[in-house]
Amino acid sequence: MSNTVLTFTDRGIYCPAGDFFIDPWRPVDRALITHGHADHARPGHRRYLCTDACAPVMIHRLGSISVETVKFGEVRKIGDALVSFHPAGHLPGSAQIRVEVAGEVWVASGDYKVVPDGISEPFEPVKCHSFITECTFGLPVFKWDDQNDVAKDLNAWWAKNTADGKASILGAYSLGKAQRLLAMVDPAIGSILTHGAVENTNQVLRNQGYRLPDTIHVTPDLNVKNHSGALVIAPPSALGSQWARRFGPSSTAFASGWMRLRGVRRRRAADRGFVISDHADWDGLMSAIQETGAENIFATHGYTDIFARWLNTQGYNAQVLKTEFGTDEDDTAPTGEAA
Amino acid sequence: MKDFAALFTTVDQTTKTSLKTKALAEFFKTASDDDKLWTIALFSGRRPKRAVTTTQLREWAAEVGGIPLWLLEESYPIVGDLAETIALTLPLPSRQSDQPLTYWITELKSLAALDIEDRKIRILDAWDQLDPVERFLFNKLITGGFRIGVSQKLMTRALAQATEQEEASLAHRLMGGWSPETTDFHTLIEAEDAAADDSRPYPFYLAYQLEDGPEALGSPTDWQAEWKWDGIRGQIILRNGTHHVWSRGEELMTDRFPEFARLSDFLPDGIVLDGEIVAWDGSQPYPFNTLQGRIGRKTVPKKLLKEAPVILLAYDLLEENGEDLRDLPLQDRRTRLDSLLYALPDDAPLRPAPPLAFDTWDTLANIRATARDARAEGLMLKRKDSPYLSGRKKGDWWKWKLDPLTVDAVMIYAQQGHGRRANLFTDFTFAVWNGNDLVPFTKAYSGLTDAEFRQITAWVRKNTQQRFGPVRQVKPHHVFEIAFEGIHASPRHKSGIALRFPRMSRWRQDKPLQEANTLDDLKDLLETYG
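Sequence order for the protein chains is A and B.
Numbers 1 to 339, taken from full-length UniProt numbering, label the letters of the first sequence in order.
Numbers 1 to 530, taken from full-length UniProt numbering, label the letters of the second sequence in order.
Since the hints were derived computationally from the structure, they do not count as laboratory data.
With a straight-line Cα cutoff of 20 Å, these simulated EDC-like cross-link-like pairs (lysine to aspartate or glutamate) come out:
hint	chain 1	residue 1	chain 2	residue 2
1	A	152	B	131
2	B	298	B	255
3	A	143	B	128
4	B	16	A	271
5	B	462	A	10
6	B	399	B	215
7	B	153	B	166
Given the sequences, and given the hints that come with them, work out the whole structure.
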């Protein structure tokens, strides 16, 4: 590792050759942003650079910021560094960032998943020497079922609730997961109602040209009785709240990778837990890492200690990178609703 | 096992007792008699004998899953359940089968006759034809208590619905020492109950905690009060020349308490007594700690029999002359009990638990305040005309315990919980000051809300100073009020004391670290209450 393309500072991942940061957590002059989730796109930087697909959501969330955009795959020279953004498959517009300095290539993955979800730009493996990988679900117990199978379960749950005269309230993170679910559900079953946080994001993405089924924003004057048996998509925090009570008899569910664990599922006390994650599962992480061809792996965000130890037994030179991504760095918190 | 797995999935997907009961009743209507019998057995705490160790299971699962053992071990505390960890780690099965529950239990039992290599082949073969939910249940059959959100009470209710029998009489049929190997569904559930097993106890009637004072219970004259003793709730059965001692947890404890063999010298046949088993110093119970030394032993050395003899403090008579008295009013049962136990010699391992005389609730409150002097943990209040019901029922029986003792202590270690509490730090070690040192003196697991556990979990993650396996040493910062029922000297603990039923009663976020209690404070409590 004689050529250190990226270094790790208390403000975030830093590139000395280009004098910029990637997803920094304290204010900096120039920030390259992988995707719009709050732990990666933080307020307060002087200049932002991200993909044109990512920018609208980020502006929607952070307000008036100075943003420059690039297309996926477009190479920018910043100082002595060559920089390009490549699809991470995590959510619409999410990217991995490739940084090349004097022939040495590093990739910061941000968050990613390797299987296509029907709405995000599919993950693209990028060859590199060093790879900074997330490992939110970096344990062998995390393996995702095929999305089509989960979609069948999800639609069957909704259809049954509709038949029983109940609303189906589904808790999902408002950026990414909610839209992915919209792409999975069968709009023929009934109306799809959305919480304001979800609908605002829908609007931003629709304006960009992402195709989503029709949804109805739940406003105070909406008469929910006209939409009996509807699917209601809301942030997890809205479930069990006063807001959710207006829908009358209902079945509740969460959509998250954590739902793979029975203990977490039961603690959430929802009727159903659908295992749908926007992060790579165990096999996904391993295949992604292998395809980069990287020798040096930096594990961040998740079960970093365990995952790095495993990678070292597999012939990689792996280490733990302490960042402030995720709700928690040290080990997992199944409160991480984005997962 | 697909029908059983479907039952589990339904039960697991709801928090509503009514839906769980309905699903289980449906299963009881459709499953084979063998599967029904085993389902009853599993949900009443009866398991097939363990044929492989959990260590072997872990090793084999890691091997099949293509991961090193340490990686499986690291995943276990995060998942919080070994059976589930293994089920999630294994690759998908290569083939499908649909053998009934009883087939897999028989398969597990048959492993006992095989050598270890063959056991492994059979377990791996089972894993390879069970889907993840079935595997989880299969592993659960091996790894421990079959706890999957169905209580014995819920199972009994479902069975009552499915068979159109009285829940209470079914509960009685399910008591005692039966196992699926020694009976069948018809005999256990459906047959005329004439030839009942001599050892079979009655379902215990359990009291609810009285949260406010007793004034709301109405006139004091309708109520009988007794000390609430701190021993083991037990039923003693004398039938056909034999005797049996059952604990409330339906454990047969006859051999642990040989003192009761002499009961037939004092009492006629055809008797069932309900009472509290305590270690007795001649005039008072010893503290629970003394009895504890007896419980752990299957056979009792002579010395211990002499040092800590047990007696039954009897407070109810459930059967006399072979006749079930449970429908009689308590005062009638009590009269019969008193005349039965009248003028027993002092050395009899039995005496009536004396009712306490009181005419107003205030008088009774004053009596309650002296409970610790009587080596009791509070009072029992029983309505004089109450029948002896089964299980925990509100209304006629109440426990009115003393307020617990408390100390303010500093959290110094934290560990993650299991099952529903996996991934949350819920198991804490607490310390008190000894000069400038913090001396650990107790652990506690309960008393906080889920929201508080989440909050403390986030804090623990940020304030870990050192790790010892799963245990985190955390920065001494948070003070908790620890409530407990008793305190006694314990040479095995660094602090020299041990607590009974410690739990977190309050998170003292208002209290600075330095103001937590000291070891001397604890020693004073030991002096006063030990």
